[in-house]
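Count the sequence shown with numbering that gives the first Met the number 0 and you get residues 0 to 289, in order.
Wrong hints could be hidden among the right ones.
[As the list claims (entries may be wrong)] Taking lysine-lysine pairs in the DSS-like style, the calculated list, with each CA pair at most 25 angstroms apart, reads:
1. Lys-251 x Lys-229
2. Lys-255 x Lys-229
3. Lys-174 x Lys-229
4. Lys-251 x Lys-174
5. Lys-174 x Lys-87
6. Lys-174 x Lys-255
These are computed hints drawn from the structure, not numbers from a lab.
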Amino acid sequence: MQTEQYPSLPNTGGLLAYPPSFTPLIGTNGPAPTLVGTTIPAITVPANYPGNPFGVPAVVHGIVPRAPVANTQRVARASCSAGVRSGKAGQWDIDTSVGHSRITTRQAMYGNVSATALNAALNRPVNPFQVNGPNSVEDLAAIFPAAVADVSSELNFVEFHVARAIAPLPGGDLKLGIGASYTTNTLDAPAPYLVGAGLVSSNDNGNFTFAYGSQTTSALYAELVAPVLKTLELDGSLRYDHVSGYDNLTPKFGFKWAPNTQFALRGTLGRGFRAPNQTETNNSGQVYQT
0 MQTEQYPSLP NTGGLLAYPP SFTPLIGTNG PAPTLVGTTI PAITVPANYP
50 GNPFGVPAVV HGIVPRAPVA NTQRVARASC SAGVRSGKAG QWDIDTSVGH
100 SRITTRQAMY GNVSATALNA ALNRPVNPFQ VNGPNSVEDL AAIFPAAVAD
150 VSSELNFVEF HVARAIAPLP GGDLKLGIGA SYTTNTLDAP APYLVGAGLV
200 SSNDNGNFTF AYGSQTTSAL YAELVAPVLK TLELDGSLRY DHVSGYDNLT
250 PKFGFKWAPN TQFALRGTLG RGFRAPNQTE TNNSGQVYQT
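Generate the whole structure from the sequences, applying the supplied hints.
Structure below.
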């Protein structure tokens, strides 16, 4: 397991200032954005708040005492993987791979402000939150919660490949390779709950994106390698991919010309493609402050 900590950005010296207001967040999930959170036009202390000289509700300016350092993230990662390979059967060389990999990441962002909790604590009729401190541990925990997101990605694959010499040529054996593979990718990457629910204000270093979904890839392929001369080798391959509803046939041709041991010239002509990944074909988006 690997743990990383990212320092605060230069935001009021790494300290948290009182927010003057709070606008809700917009969650983009599909074509229609969704409003989350409650608008607070002005975060104020009441007219009778201790130390308020104006006699009317007033906006507080300054640094919050004992607030956690702004924009600090701690990330812990854990991963595991496994695989198996095999050898030979008759004239065929056999290569079989089976694997599993899972990576989990816990991201905890500190220095978030719950404007709703702060406004309520400042306006409590009894024991309100003190702008100059001291304040209770319970108040500080409620007003400055850690925004936590647990992200996981998983990869599973099976691949089978066989190869053998099928005929002699002047430059060596004509070799044939045939294979198939099956792969699944799964991603579960939510935004922190407090961010997605619109309960904390935006953070300069925050995680506001989310993505969920899976992708399956099946492939069949074949390749011929033909050393037609001692100095010239030709190869050709054909691959078929089926990626979560997208089909593609990819050819490739190549050559290697080596007139002596000191010089070789290679060339390849092929075609490629890129299928949409799981964040593009499934559920993904972002939340942002208006």
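Inset, instruction - Identify every previously stated hint that the structure contradicts and give their numbers, smallest first. - result: none
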